[in-house]
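Using the sequences and the hints given, assemble the complete structure.
Residue numbers (this note's numbering), protein chains in the order written: chain C, 1 to 521; chain U, 1001 to 1095.
You can trust all of the hints, since none of them are fake.
Simulated pairs of lysine-lysine, DSS-like, Cα-Cα distance not exceeding 30 Å: (1) K1072/U <-> K269/C; (2) K315/C <-> K336/C; (3) K1061/U <-> K269/C; (4) K418/C <-> K1062/U; (5) K418/C <-> K1061/U; (6) K293/C <-> K418/C.
In case anyone wonders, no lab produced these hints; they're calculated from the structure.
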Amino acid sequence: MSDLTHLTISQARAMLRTKEITATEITEAYLQAIERANPALNAYVVVTDDKARDMAKASDAKLAKGEGGSLEGIPLGIKDLFGTEGIHTQACSHVLDGFRPHYESTVTANLWADGAVMLGKLNMDEFAMGSSNETSYYGPVVNPWRRSRLDTVVMPTTHQGDGGFVSAGGTRTARTLDNAQLVPGGSSGGSASAVSALLCAGATATDTGGSIRQPAAFTGTVGIKPTYGRCSRWGIVAFASSLDQAGPIARDVRDAAILLKSMASVDPKDTTSVDRPVPDYEAAIGKPIKGMKIGIPREYRVDGMPEEIEALWQKGIAWLKDAGAEIVDISLPHTKYALPAYYIVAPAEASSNLARYDGVRYGLRVPGKDIVDMYEKTRAAGFGREVKRRIMIGTYVLSAGYYDAYYLQAQKVRNLIKRDFENAFSAGVDVILTPATPSAAFGIADEDMAADPVKMYLNDIFTVTVNMAGLPGIAVPAGLDAKGLPLGLQLIGRPFDEETLFQTAHVIEQAAGTFQPEKWW
Amino acid sequence: MSVDVKTVKRVARLARIAVSEEDAERMTGELNAILGFVEQLNEVDVSGVEPMTSVIPMEMKKRPDVVTDGSKAADIVANAPATEENFFLVPKVVE
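Here it is in structure tokens:
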């Protein structure tokens, strides 16, 4: 039997239904792959072997009877931000030390109801705050992709026995992998790394400013952040409630569509869950995009952007044009203000949401001389540097005398950002094409990023506008840079028009192909 | 606008995060870098623009005012660091 971890969700689904493979076999294949790879990649913080085997067994019983849901027997990884009943849920923070919820998040409950198998909890930036997965209490995640260089190798002239094999020498080119460890992006770095390294068939992730799309772009995987309100936020550890959305990271566009269909729902437990039926996203794949209007926003051409990113963007434009789409130049004039507005709105909401970690109801408690001392010591010991930084910014911008100057101003600018998109869509644009990130994956412990928090924040420059406007956005791999690292393109759609994103992303995928890292772990 | 070490300590107090002298000094630099970055929002003309209240326009959901959940005190305290008979235990707050 060939390695079952190489099957996409759609392939595995077909083979499980025809009983060519069993859920137990595919689950065991993933558990073995994780055991081998996780010491090198650190993608999982907890592996739920026993639960995975039990769930696979239950799936096999259903499949044997010709029953089962849309994801029956498909092994998935779950970002540590999702509440999973009785299982480690810490948002990769020390402050939630030992927390095991007595409830299940709506998104994961939907996946289990459709028959998916849980392999474990995936590493992430602490409380989803980060763009490199280096702020996790459990240490950084390693990107399965490494830089490589093209060498010219001189082939030796060899003779093998009398009249045997003869190589005439000459030269050929070979790729040599560099040893430097790269980040997988963040905050859903564990999800992206695990999907890219074939340590799960697909993964859940969340996106507040780019946390699904940026790691997807850094690992050659597909990630979609749906419209705000499409997936329930119930049971997901909150970061910035007006921006947070769950979505999948998958190996290809079809798998992402299959996963989102299951994750999305209308949920009375989340008052921002939108009351409209979930369409069959997979049905949109393969539909022609002839006549579709693709907007190219001029403001996404930023200073200092590498030429390779520009070239990739042009390639994307050409592919869509070849498929019959009409390319139109558009302007989103407030684009440059999205990131600064985000760094007021998101920390403000975070400072409020994270007030609950006080050492009283759950998680870590550090004793103090009185209750306030206990709060302060617990929070000082429990939160990492980036989380503290954001709580401090949020507390400052919401404090008396500064609210109007910062928070109110940012929320007004946010409306202007949203209006830019509305103007483009009302002028007939169906979907907007941009680069997903301003660079390829960078090194772990990059000195420039560590020295200046704003440099790290700039990673989200192309993705954060989408969260500010509540729109759906998908990152799809589109090629490799000169060092052999994956680069992604982003498509942005109208509210609740994820179908057009899948349809268009599939066209890019058909032209670009899919990308797998060379295995070194 | 920029902050000094004294302001950083006051904000840390409001956020209930203990900071050492060294932390406060480091944070002052970092916070000023971020505040410097967000400063550019002041150049945007927002006259006549309402602040955003909801990113997706929707009517607020209402539900009947009835009890739908409860009677799970043991579940609620299950993860607490210190409890007694389904109460959270904290250091003494009144003399």
